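If you read the sequence shown in UniProt numbering, its first letter stands for residue 1, the second for the next number, and so on.
In short, the hints are calculated from the structure, not lab data.
All of these numbers come straight from a predicted model, not from anything done at the bench.
Take these hints with a grain of salt, some might be off.
To be verified - Simulated pairs of lysine to aspartate or glutamate, DMTMM-like, Cα-Cα distance not exceeding 25 Å:
no.: 1; residue 1: K412; residue 2: E449
no.: 2; residue 1: K412; residue 2: E401
no.: 3; residue 1: K412; residue 2: E243
no.: 4; residue 1: K265; residue 2: D287
no.: 5; residue 1: K49; residue 2: D237
no.: 6; residue 1: K265; residue 2: E243
no.: 7; residue 1: K72; residue 2: E97
no.: 8; residue 1: K265; residue 2: E384
no.: 9; residue 1: K49; residue 2: E36
no.: 10; residue 1: K265; residue 2: D53
no.: 11; residue 1: K412; residue 2: E386
no.: 12; residue 1: K326; residue 2: D287
no.: 13; residue 1: K412; residue 2: E438
no.: 14; residue 1: K49; residue 2: E80
no.: 15; residue 1: K265; residue 2: D364
What the hints assert, rightly or not - Cβ-Cβ distance ranges computed for the label pairs, FRET-style:
no.: 16; residue 1: G298; residue 2: E411; range: 54 to 62 Å
no.: 17; residue 1: A26; residue 2: E243; range: 26 to 34 Å
no.: 18; residue 1: R332; residue 2: S16; range: 40 to 48 Å
no.: 19; residue 1: P113; residue 2: R89; range: 28 to 36 Å
no.: 20; residue 1: Q110; residue 2: S76; range: 26 to 34 Å
no.: 21; residue 1: R79; residue 2: W103; range: 23 to 31 Å
no.: 22; residue 1: E411; residue 2: S16; range: 35 to 43 Å
no.: 23; residue 1: P231; residue 2: S322; range: 51 to 59 Å
no.: 24; residue 1: K265; residue 2: S76; range: 19 to 27 Å
no.: 25; residue 1: V400; residue 2: P231; range: 52 to 60 Å
no.: 26; residue 1: T354; residue 2: G198; range: 23 to 31 Å
We put the CB at the ideal spot given by N, CA and C, even for glycine.
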Amino acid sequence: MGCAPNDLVVVKFGGSVLNGSPGFLAAGRLVLGLLESGLEPVVVVSAVKGVTDALLSSFERRDPGVGGAVGKTYLSIARELGLPPESVRDVSLASAEVSKLLWAAEVLGQWTPRVRDLVVSYGERLSAALMAGLLRRLGVEARWLGGGEAGIVTDGEFGDATPLYGYTEGVIRERLEPMLEEGVVPVVAGFTGATREGDTTLLGRGGSDLTATLLASALGAGRVVLYTDVPGILSGDPRVVGEPRRVGYMSYEEAWEVARLGLRKFHPRTFEPLIAGGLGVEVVVSDLRGRSTRIGPGRGGPPLKVVSLSRGVARLVVRGPSMAGKRGFLSRLAGLLAGRGVNILAIRQPPSETAIELVVDERDLPAAVEELGARSGAAGVRLEVERGFDVVSIVGWGAVEALPEALSAAEKTGGRLLSTGELSPSISILARGRTSPELARLLHRRVVESWVTG
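Starting from the given sequences, assemble the full structure and let the hints guide the process.
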């Protein structure tokens, strides 16, 4: 693992790694290797690949039979790993619980967000039970916990809960430090937390990454390693740019931009605990072969790192003389959309205040149009809607210097600038869907050139 500021390391294994008994065994041996090298691991696990989608789908279809299939998947892995009877029993009991919850939801008609979060959490809980059992089979004292049991306390926003930063860090230390002092390896179910009242919550898709960085920040770990099936962070999506390169190093802020822009399936809040904590924890994104990207608190590496293509956005333009100079108009507009669960991706407004352009995800467009369209006439404004856009972004602290080339590429493909790189380490361009891949490839060439000239 190299030399870390201290011996505590948080390792997270994603669902693409834990895709069957070979993946669990490789992960377990890696943890054993950390212990043998004198490090003190805390383990975070995701659900087996496909399980979270299956459990979510069971709620959409109101199909209680999925629970039995999920249970069989985990019990099959447990037997293939040769786990001791008590560990198989743990997995069997957890499998039975998820089936009972789904059938109870069917009988009582309780297909609610609260019950959904509890049911879906069992993907990670079952993985944690399997991993702890495997580590015990390998001779390691280990204990598994749900995210809430490990001290991750959240608000009550089921499906996309936010940890109560500050408060939850104290609870994490209270729960996990005694285990570590006893020489026990905690195996924590990623993606999960609990409210103060004890209701299970989910942190949103990709939430296991956030679990890992939150635990690392609270416990003062020297390093977080996020294991996946991809060799680190690539400079672009190979399906778009052709032949991306692996980024060797990027700063927290650059990685945060990558997470927010969705190039890699990080939870968008993954790096918040580390940026806020200021502890200098190093993050490594790696595959099991050790091909990795390092992420740290300082700037470094080439000036440009990544090109991102975010598909499926729309423009909403609100115009009208009655809005010019009207105090709080933008705030009320944003509040109306927030009330319908619409997230605004970008905002532009001229100093004359006669128009406001909003960029939103196309999936949010029906709710946005319904809300704003119903009010536009009474407010003395009109609403214009355009679909079929993508956002192409270039990430790196050298984004401002690359602005002329980005503008030139945008002009060639009919794109339009959304952000200039002055407020964050990225430039974003709004592009028509038919031209966005070409724009991404043009900008990717600029990124690769910066690795040679920067």
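Quick rundown of the hints versus the structure:
Proposed proximity of K412 and E449 is supported: the alpha carbons are some 19 Å apart, at most 25 Å. Note on K412 and E401: the hinted pairing holds, with a Cα-Cα distance of about 19 Å set against a maximum of 25 Å. At most 25 Å may separate the alpha-carbon atoms for a hinted pair to count; K412 and E243 meet this at roughly 22 Å. Pair hint K265 plus D287 holds up; C-alpha atoms about 14 Å apart against a cutoff of 25 Å.
Note on K49 and D237: the hinted pairing holds, with a Cα-Cα distance of about 21 Å set against a maximum of 25 Å. Annotation: proposed proximity of K265 to E243 holds, straight-line Cα distance about 19 Å (limit 25 Å). Restraint check for K72 and E97: satisfied, since their Cα atoms lie roughly 13 Å apart, inside the 25 Å limit. Note on K265 and E384: the hinted pairing is violated, with a Cα-Cα distance of about 32 Å set against a maximum of 25 Å.
With a C-alpha separation of about 29 Å, the suggested pair K49 and E36 falls outside the 25 Å cut-off, and the hint is violated. Taken as a hint, the K265 and D53 pair is honoured in the structure, with Cα atoms around 15 Å apart against an allowance of 25 Å. With a CA separation close to 21 Å, the supplied pair K412 and E386 stays within the 25 Å bound. For a cut-off of 25 Å, the pair hint linking K326 to D287 is broken: about 53 Å separates their Cα positions.
Between K412 and E438 the CA atoms are separated by roughly 9 Å; this keeps the pair inside 25 Å, and the hint holds. Between the alpha carbons of K49 and E80 the distance comes to roughly 17 Å, so the proposed pair stays at or under 25 Å and holds. With a CA separation close to 20 Å, the supplied pair K265 and D364 stays within the 25 Å bound. The given range of 54 to 62 Å is broken by G298 and E411, whose C-beta atoms sit roughly 35 Å from each other.
At about 27 Å, the CB distance of A26 to E243 agrees with the hint of 26 to 34 Å. For R332 paired with S16, a C-beta distance near 43 Å keeps the hint of 40 to 48 Å intact. At about 31 Å, the beta-carbon gap between P113 and R89 stays in the expected band of 28 to 36 Å. For the hinted restraint 26 to 34 Å between Q110 and S76, the CB-CB distance of approximately 29 Å keeps it satisfied.
Take R79 and W103: their Cβ atoms lie about 24 Å apart, and the range 23 to 31 Å holds. Roughly 39 Å separates the CB atoms of E411 and S16, a value that falls within the hinted 35 to 43 Å. Here the CB-CB span from P231 to S322 is close to 55 Å, well matched to the stated 51 to 59 Å. Between K265 and S76 the beta carbons are some 26 Å apart, a value that agrees with the proposed interval 19 to 27 Å.
Remark: the range hint 52 to 60 Å for V400 to P231 is contradicted by a beta-carbon distance near 29 Å. For the pair T354 and G198, the beta carbons lie near 51 Å from each other, so the given range of 23 to 31 Å is not met.
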